[in-house]
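Visitor: Same order as they appear, the protein sequences are chains A and B.
Going left to right, the first sequence walks through residues 720 to 1050 as my numbering numbers them.
Going left to right, the second sequence walks through residues 720 to 1050 as my numbering numbers them.
Any given hint could turn out to be false.
Which copy is meant is left open, so a pair is good if it fits within one copy or across any two.
[Unchecked claim] Computed list of lysine-lysine pairs in DSS-like fashion (alpha-carbon distance at most 30 angstroms, straight line):
id, residue 1, residue 2
1, Lys1011, Lys910
2, Lys1041, Lys910
3, Lys885, Lys788
4, Lys788, Lys910
5, Lys1041, Lys1011
6, Lys885, Lys1011
7, Lys910, Lys843
8, Lys910, Lys885
9, Lys788, Lys1041
10, Lys1011, Lys843
These aren't lab readings, by the way, just hints derived from the structure by calculation.
Model, not experiment: these values are computed from the prediction.
Number of protein chains: 2
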Amino acid sequence: MIDQRLLPAREVIRTYRDYTGVAQAIRTMVIRGAPAIGVAAAMGVALGIRGVSGSRAQRRFELVARTLKATRPTAVNLAWAVARMRRVLDENPALDAAALFRRMRSEALAIYHEDLAANRALGKYGAELIESNPVTILTHCNAGALATAGYGTALGVVRAAREAGKQVSVIADETRPFLQGSRLTAWELRKDRIPVTVIADNMAGTVLRAGRVDCVIVGTDRTAANGDVANKIGTYPLAVMAARHNVPFYVAAPLSSIDLDCGRGDDIPIEERAGTELTEFAGQQIAARGVKTFNPAFDVTPAELVTAIITERGVARPPYGKSLAELNNRA
Amino acid sequence: MIDQRLLPAREVIRTYRDYTGVAQAIRTMVIRGAPAIGVAAAMGVALGIRGVSGSRAQRRFELVARTLKATRPTAVNLAWAVARMRRVLDENPALDAAALFRRMRSEALAIYHEDLAANRALGKYGAELIESNPVTILTHCNAGALATAGYGTALGVVRAAREAGKQVSVIADETRPFLQGSRLTAWELRKDRIPVTVIADNMAGTVLRAGRVDCVIVGTDRTAANGDVANKIGTYPLAVMAARHNVPFYVAAPLSSIDLDCGRGDDIPIEERAGTELTEFAGQQIAARGVKTFNPAFDVTPAELVTAIITERGVARPPYGKSLAELNNRA
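The following block holds chain A by itself, in its conformation from the complex (with noise of 0.2 angstroms):
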């Protein structure tokens, strides 16, 4: 995995042997994005079981399934990585260790080359919203190549309108705390050579109140049944000042990250990070000593406000229940 606390300043790629291992990557955010943690989760249950088999491989499998889970509870794409990976360990009883470890390990590879596809399929849905040309894009946090197995959700979709031949630019907020836009996103994106102009979360009013955005596109961490979305904090006031300016809001959610057992959006776990993210940066303290912080990673965007979802497998309209469950069903 690349460090993603050290970029952009600095491109670490870190190997990890054992499942403790990437329980502590997903914990501390050397990885993050729920696509990304969904594809690393499966890789660590498969390094979990690594040389056991039978009866000792399904106890082994609860202590690893439980180590991971427990890291990031709002993706849903890590308990649905580790769901997958718990039915084909169900489904082989019989095999000795070394086979069981090389399925176990080509589900996870699998997982990881579904989600790249999914990615690129999602990329072209979303591309063919997207009319006018030049378009600057808004993006919040970073739902790119580093976020998934590659190419990206919301940036899929960035990525595919480009090679649609659309003059396309980005305008990525910074997302406090962590910095995924301008620490992560804007790095894609240079890397790409697509412009991209970097602004302070509370800035994004501003720009779309100016009309200098076609359109917002997110990622998302979780998608209820009934279409609200849980994404990085941020997203939920954002999608109100688009719907105040009349801008699209769309979700770029792959299926890995829509749970149709979640009803809605009250529903999902939202987790709370270390108050030293907002009082500390780089070790140095930025706030006043002593002061009490409130940290809730991500919030929920209602349906109400979310214009599409798009998938994989197409693009579902209000009312979310219906359109989100005919997509999962459609072959």
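Got chain A sorted already, so can you dock chain B onto it with the hints?
Guide: Just chain B now, with coordinates in the frame of chain A:
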């Protein structure tokens, strides 16, 4: 002046003996906050005409006024204070240099003391608006003692509410990019032992939605005759979110920050500051190299989103065109 760039890590007092130093201090945000830079500019004018009189003083004044007013365009207090110093100069053509300096210095000190008195009066009117007890007030940026001659406008209301016996706690937006909230507001309130919780700007929607905020109170750098409010970037989306969740949105505006010559918010010049405020922190590069930036220091909140404007002469309610003019004319 306390060097506000270094708080809360270090309390360094800087002394300036000429107007160019004062201008530089305002431009580089050693001192910031609309009322505070008004007071500083008045003192800068007094320093600037020291040693001259008559037509030489008039010529010198033009240079000093131009230099000071060019430092920061949005806050009207700066132009207001300079205009007030000009009146004193114009009314005293016959004074010799020493007497003129004493008179100008006395006027600058009057502005200082009047601002302090205005904050205390404004604070009392604001505190009367607060019905609940305990009360949680959300604020943006720093409209406290540091931003004024002392006591504060928005934080003046907080202080007055506490002095009136209320159990007050504050949620402070950290306020990117300069972090006036986490660095300055939190520091002031900790000194006064008023409980304060720091959040990132993009978390305000979550606390408003959760019903954790009784009212929002902010300061203003310039309020137009129609009640449109220019204030620190991020105020506009905060007002939109407050309206969405039926939370009162109050603006603490001493009359020195109300510009009746400015018809509406679109006529207020909005300062853009260097992109390095977004791409660097404490000399460290935080954004991908080579990215473009957009860094407006203020935004405009339309009057329709403002529940009331609190001044030292009372509380203005919509329609503001009428109520602000009436307060201004009141003796």
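Visitor: Decide, hint by hint, whether the structure agrees.
Guide: Results of checking the hints against the structure:
1. When the C-alpha separation of Lys1011 and Lys910 is checked against a cutoff of 30 angstroms, the pair qualifies only between copies, where the shortest distance is 14 angstroms, while the shortest distance within a copy is 39 angstroms.
2. Within a single copy, Lys1041 and Lys910 get their C-alpha atoms no closer than 39 angstroms, and across copies no closer than 55 angstroms, so neither meets the 30 angstroms cut-off.
3. For a Cα distance limit of 30 angstroms, the shortest separation of Lys885 from Lys788 qualifies neither inside one copy, at 40 angstroms, nor across copies, at 44 angstroms.
4. Taking identical chains as interchangeable, the C-alpha atoms of Lys788 and Lys910 are never at most 30 angstroms apart, the minima being 33 angstroms within one chain and 42 angstroms between chains.
5. Taking the shortest alpha-carbon separations for Lys1041 and Lys1011, neither the intra-copy value of 43 angstroms nor the inter-copy value of 41 angstroms comes in at or below 30 angstroms.
6. For the homomeric pair Lys885 and Lys1011, the shortest alpha-carbon distance between copies (20 angstroms) is at most 30 angstroms, but the shortest distance inside one copy (46 angstroms) is not.
7. Within a single copy, Lys910 and Lys843 get their C-alpha atoms as close as 21 angstroms, which meets the 30 angstroms cut-off; across copies the closest is 55 angstroms, which misses it.
8. For a Cα distance limit of 30 angstroms, the shortest separation of Lys910 from Lys885 inside one copy, 18 angstroms, qualifies, whereas the shortest one across copies, 54 angstroms, does not.
9. For a Cα distance limit of 30 angstroms, the shortest separation of Lys788 from Lys1041 inside one copy, 29 angstroms, qualifies, whereas the shortest one across copies, 59 angstroms, does not.
10. Only between protomers do Lys1011 and Lys843 lie at most 30 angstroms apart by alpha-carbon distance; the minimum there is 27 angstroms, versus 45 angstroms within a single protomer.
Of the numbered hints given earlier, the model fails hints 2, 3, 4 and 5; all others are met.
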